[in-house]
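J.: Based on the hints, put chain S in the right spot on chain A.
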Amino acid sequence: MEHYVAWFLLITPLVATIAILLNLHRKPDYAAFASIGSASLCFLIALAVAFGGIQPPTSFEWIALPGFNVDMGMIFDPLSKGMLLVVTGVGLVIHIYSYGYMDHDPGKGRFFGGLSIFMFSMTGIVLADNLIMLFLFWEGVGLSSYLLIGFWYEKESAAQAANKAFVCNRLADFGFMIGILTFWFLMGTVSVKPEVVAEKYQQIPPSWVHSTLNPEGATAAQLDSTAAKHGVRTSAVLLTVMVVGLFFGCIGKSAMFPFHVWLPDAMEGPTPVSALIHAATMVAAGVYMLCRVYPLLLLSAPGMFFIAFIGCFTAVFAALIAVQQNDIKRILAYSTLSQLGYMVMAVGCGGPDAAMFHLTTHAFFKALLFLAAGSVIHALHEEQDIWKMGGLWNKIPLTFYTFAIGMLALIGFPGLAGFFSKDYLLSIAYVRSPGFYWVGVITACLTAFYMTRLVVVAFFGPPRAHAAEHPHESPLPMTIPLVILAVLSFIGGWSFGGYGIQPFYHGWFMDVIHSMYPLGVVVPEPETGTFLEMIVPGAVVLLGVVSAFYLYWGSKTDPLDIRILANKFYIDELYDRSLVGGQQLAARFLNWIDGWILGGLIIRGSAYVSVGVGELFRLFQTGSLQGYAFVFSLGGILLIYFTLFAH
Amino acid sequence: MEITLNHYLAVAAVLFAIGLMGVIMRRNILIIYMSIEMMLQAANLTFVAFSRFNNQLDGQVFVFFVITVAAAEVAVGLALIVALYRLKRTTQIQDLTTLKF
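Here the protein sequences line up with chains A and S, keeping their order.
Quick note on numbering that gives the first Met the number 0: the first sequence kicks off at 0 and runs consecutively.
Quick note on numbering that gives the first Met the number 0: the second sequence kicks off at 0 and runs consecutively.
Here chain A stands alone, though its shape is the one from the complex (with noise of 0.2 angstroms):
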């Protein structure tokens, strides 16, 4: 029996979609205590399986043919536990907080409905044990990402933002498939079930691993040979292309650097699906399928170094364009990127552990900081413009301490969760590269500096229009959210004795590196308590926070205005004139092909010949029958002229 008990994580939140489909969605209330129950029993079923030692189900066959299995069965290891407690339990926070946000909105029943199937998608990626079936589970997030970014599907933006975010996806998961292929051809199957994945490894020489860990090690060309002379059908190259292709799928679903663009519009969608789907969960779903396959990252240093590039990069990125947004909900977009970012660099720094310690810690506070945005908003009728807000710090005081405990954790305020995560992080990123290590502390300055200009702003000075002078303060589905979410962003760094997230986390990465080496790796350990770590993060924080102090406060109209940034440094616009314009003259071109030479040409063309032909031929119907008996007599005279004598 107790096998199966773990198949309810995802038959729950699937009945709930049915149900809802069906008929629940012209009932919303009930369609709300459906999806709401579906999401606390899939909590439960979660720390039963988290602490309460639930095995696996067993896993059946799916797909049998010869050389390419696929199971659907379910990885329970530390790293699927951690990451289906944050999955299961900030859903559950975030269902509660929708029921009072979308409470007046006469799509709930709807809305429900796409929270549910989301659930079921995101909890199928944390689970599963093969990349097929993740790859399955991650287009059902997408198909949910779609439909909730385009819930107001009558508002154009919001029609377009979810096309945008479907279309960015489909791109990435193009080199997501390529990547899957690859692994499939190197390793012979597409589990990743660890103790698979060590058997596999167990072949490849340790010579190649160190090459990663250490750049002075082997160099391609090196581990070429040595692949030819063990007889594993590998290169490095195909390695490369296999990392990189999987890395491309967690650079559309975590919106890194080229992809990024669909994350700040999907904003257009409800609050509490900016805060589940497009900051604590889905988005981070790339960084976790990363850490899924870490240890076969490792074998192809380019493509660490490429992770670990295009994360550092989209961090500081995305800080430099939050400086000058002003919708609150695209600032906190912005600094979600940012924040991927750096867990995207923490694995390619080789810290998954640190990349999911942050991965935690930062649903937390990103989701808090998302739904006390949504309480903002709430309040103030739909206003998103910070500088539209001002003064609310005392009129809706629950909403602005929470939001300011999510500020605090996320700017790594000492004491508090990102405080903890991010300094590891980056004290991981010094380890692997100091460059990646300063680029990460530019944006913790940032990251200050914005978040400060965002509080300053919305929260504080005179209100800067009618709407903020007089705003109502939550009801209580949306406020006991934030208190959970706020203690949780309080506490979420902290070891009591040995035990919290972050031990947690290493006591993962640290079996995976024992099962990957039996032999015995020394694995990096970052140095703790140095002069850098002690001192750097909290100086450029303490920096970030006065200097915004310094320019915003009580400031009606924004001191910097930093063109480039404000205008995202152009990048929608070159999409715009290069990809899509690009695409509209291909699509001009083939339309022209289309009518002129498919359709003139050869449709209508051979009908026209057939007519023309016709229209000849007709000319000999001349309806004299004495004619036709003439040239029918004439015909076999000459038959038998040419049969007798025409030889």
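Hints in this document: simulated from the structure, not taken from any laboratory.
Ideal Cβ positions, reconstructed from N, Cα and C, are used throughout, including at glycine.
Just some of the chain A residues that point at chain S, by a computed CB distance under 10 angstroms:
1. Thr621
2. Gly622
3. Ser623
4. Leu624
5. Gln625
6. Gly626
7. Phe629
8. Ser632
T.: This is chain S only, laid out in the frame that chain A set:
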């Protein structure tokens, strides 16, 4: 002068040519029909001639078949012509141009 096979064949050819000319040149559909019969008899004549000179009876047997078929054909053909006449009130071939473009 001895009458040889060639003489018979020549007569049959002339008969056939006259029939064909009639089909092509006469205007009245009844006459055309009679000319077709004439062409048929030219064929019969060759059958008989070959039968006579090859000392085989097959050709003569065939002639009876042809005559039978021709009789049936006449019955059908004349009925068609009568029906045509009732419809169009003419037997002149130049008036029957319904199929003309």
